[in-house]
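K.L.:
Work the whole structure out from these sequences, hints included.
In order, the protein sequence lines correspond to chains A and B. Be aware that the first sequence starts at 193, since it is given in our numbering, and climbs by one per residue. Be aware that the second sequence starts at 82, since it is given in our numbering, and climbs by one per residue.
None of these hints come from the bench; they were simulated from the model. All values reported here derive from a predicted model rather than from experimental measurement.
Computed spacing ranges between beta-carbons, pair by pair:
no.: 1; chain 1: B; residue 1: N241; chain 2: A; residue 2: P354; range: 39 to 45 Å
no.: 2; chain 1: A; residue 1: K495; chain 2: B; residue 2: K137; range: 17 to 23 Å
no.: 3; chain 1: A; residue 1: D478; chain 2: B; residue 2: K87; range: 45 to 51 Å
no.: 4; chain 1: A; residue 1: N217; chain 2: B; residue 2: D96; range: 46 to 52 Å
no.: 5; chain 1: A; residue 1: D326; chain 2: B; residue 2: F148; range: 42 to 48 Å
no.: 6; chain 1: A; residue 1: F327; chain 2: B; residue 2: K178; range: 52 to 58 Å
no.: 7; chain 1: B; residue 1: P216; chain 2: A; residue 2: Q424; range: 36 to 42 Å
no.: 8; chain 1: B; residue 1: D257; chain 2: A; residue 2: E425; range: 58 to 64 Å
no.: 9; chain 1: B; residue 1: K128; chain 2: A; residue 2: T215; range: 43 to 49 Å
Built from N, CA and C at the ideal position, the CB exists for glycine as well.
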Amino acid sequence: MNKKQNIKTLIVEKPLKLDCGQTINNFPLAYETYGSLNNEKDNAILVFHALTGDQFVTGINPVTKKDGWWSYAVGSGKSIDTDKYFVICANVIGGCMGSFGPGHENPKTKKIYGTDFPVITINDMVNAQINLLDFFGIKKLFSVVGGSMGGMQVLQFISNYPDKAKTAIPIACTSSHSAQNIAFNELGRQAIAADHNWSDGDYNSKNIVPDKGLAVARMAAHITYLSKKGLQEKFGRKLQERDDLKFGFDADFQIESYLRYQGSVFVDRFDANSYLYITRAMDYFDLVKQFNGNLSDAFKNTKAKFFIISFTSDWLYPTQENKDIVIALNAVGANVGFVEIESDKGHDSFLLNVPDFLKALKNFLDKSYAEKLS
Amino acid sequence: MKPEYKIISDLIDKDTKVLDVGCDDGTLMEFLKINKNVNIRGIEISKEKVQTCIAKGLTVIEGNAEFDLKQFPNDSFDYVVLGQTLQAFINPETVIKELLRVGNKAIVTIPNFGHWKVRLNLLFKGTMPITNSLPHDWYNTPNIHMCTIKDFVGFSKIINFKIFKSLALINENVSDINKSNLIFKNLFGELGIFLIEK
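P.N.:
Structural data, given as structure tokens:
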């Protein structure tokens with residue numbers, strides 16, 4: 193895979209002090225843009241990706257040759273209309289699509305970082321991406337948008353830079369990772385660590401990959417992105433290319449085959465150590481604790497107009513956790529709207545073709561843009 | 082547009098902060114935004130109507146007034162509007178108290194169960210009244226706590242809130258309600274409109 197030729201990269205020269213205490217500088221931040229920045233530079237939207245996403249939001253991903261992860265929502269005439277808005281998305285630091293991550297070489301040791309890479313946080317990710325505004329000469333973004341971990345970045349972004357975005361759309365997320373969220377992430381990390389190939393994170397030097405562990409991590413996580421009802425309707429107890437049970441441990445059921453497939457395609461595009469680092473960043477995310485137990489304080493300095501969206505069947509980041517953000521915003525008199533979208537597609541709803549969601553997102557953006565917020 | 086929207090608008094000062102509880106499709110919100118330049122928010126229980134409001138560019142929170150008003154701090158708004166829904170709540174007393182905690186003033190409108198048509202309906206038919214403004218059968222009505230204009234005036238003394246202005250809507254004409262005409266307005270008013278304060 194010759195990634196590099198398709199990846200735009202900003203080298204961030206400015207030192208960035210990470211939450212873990214280390215300082216990094218001259219690090220690469222890989223990004224992609226869609227649409228064009230207008231003369232007033234007031235139509236830019238910064239999209240934050242989720243755990244396994246990347247900067248290739250829409251169109252064909254030049255590296256994986258598959259559709260961009262948010263192709264339903266972003267594009268010409270779509271909810272985030274690239275005919276109208278200038279969409280920017282960066283690969284998070286810690287990631288594996290060109291941004292500074294554990295797959296990079298440590299200049300001191302001349303070896304791939306692996307688990308010597310510093311532990312990064314959602315705060316670090318956001319502080320790295322703010323450099324894109326200077327790079328494009330944007331004083332204020334029209335919007336910051338993201339689902340799941342992308343939503344956490346939206347919340348952290350507004351908290352860190354209260355006057356850098358006119359609108360903010362955190363989707364299907366939380367202000368503080370729950371015990372259940374951490375538990376599922378730990379399951380994934382332990383699956384990777386249990387793969388002999390992982391070699392304590394040093395698999396790169398041995399030219400092997402912990403593909404089995406990473407695939408299991410993905411399979412487990414994938415279940416959490418779907419709803420019981422959605423799974424039952426799509427798969428039920430349907431058998432995979434066979435008329436009867438085979439009394440063995442091959443994939444008898446379609447759901448087994450589906451999960452195995454999801455695991456196998458994932459290892460081709462994702463790095464195991466990045467999976468460890470990014471899930472860790474999510475687990476460490478606790479905006480409530482950052483503000484000593486009062487989430488409202490995270491938003492007290494912002495004039496941004498918020499739109500919070502949750503999904504009925506999302507049990508990973510359930511409606512109540514999204515509503516807690518609405519409550520915190522109301523407590524400081526922020527401008528906040530909220531809708532829970534009816535969907536049986538689970539947490540993944542925000543990535544899929546859910547017309548009510550796509551309509552709400554489009555209407556909020558287009559009406560807010562017409563308002564010419566200051 | 083409902084005839085009482087103009088009357089509600091007349092009760093609201095310009096450039097204030099307003100919450101419309103049960104904002105429906107946002108018609109009143111838009112009207113107030115244009116006519117009074119208010120900073121307006123809405124709460125609405127129906128997902129479909131929340132979508133309609135978003136499409137109009139209005140800031141609306143999907144929620145149930147009975148449970149979701151408590152998220153707002155004291156005196157968050159200059160006015161809180163509750164249009165023709167008080168009778169649908171399980172606990173109207175809590176709702177009124179919450180309206181007056183969240184807002185400095187509240188505007189409450191009630192469909193008048195004391196209207197003569199309602200009375201005659203029950204008297205002669207002997208069944209639960211069905212009228213233009215109360216179109217449901219007894220078994221499927223959301224209106225579980227119907228009251229009359231007179232009841233609401235009495236309610237103000239029971240749970241202790243002040244009525245600043247009380248108006249009756251009769252054939253799309255608005256008139257003041259006072260002590261001496263209360264019996265008359267309670268018979269002919271289709272809707273009671275009250276500006277209240279704690």
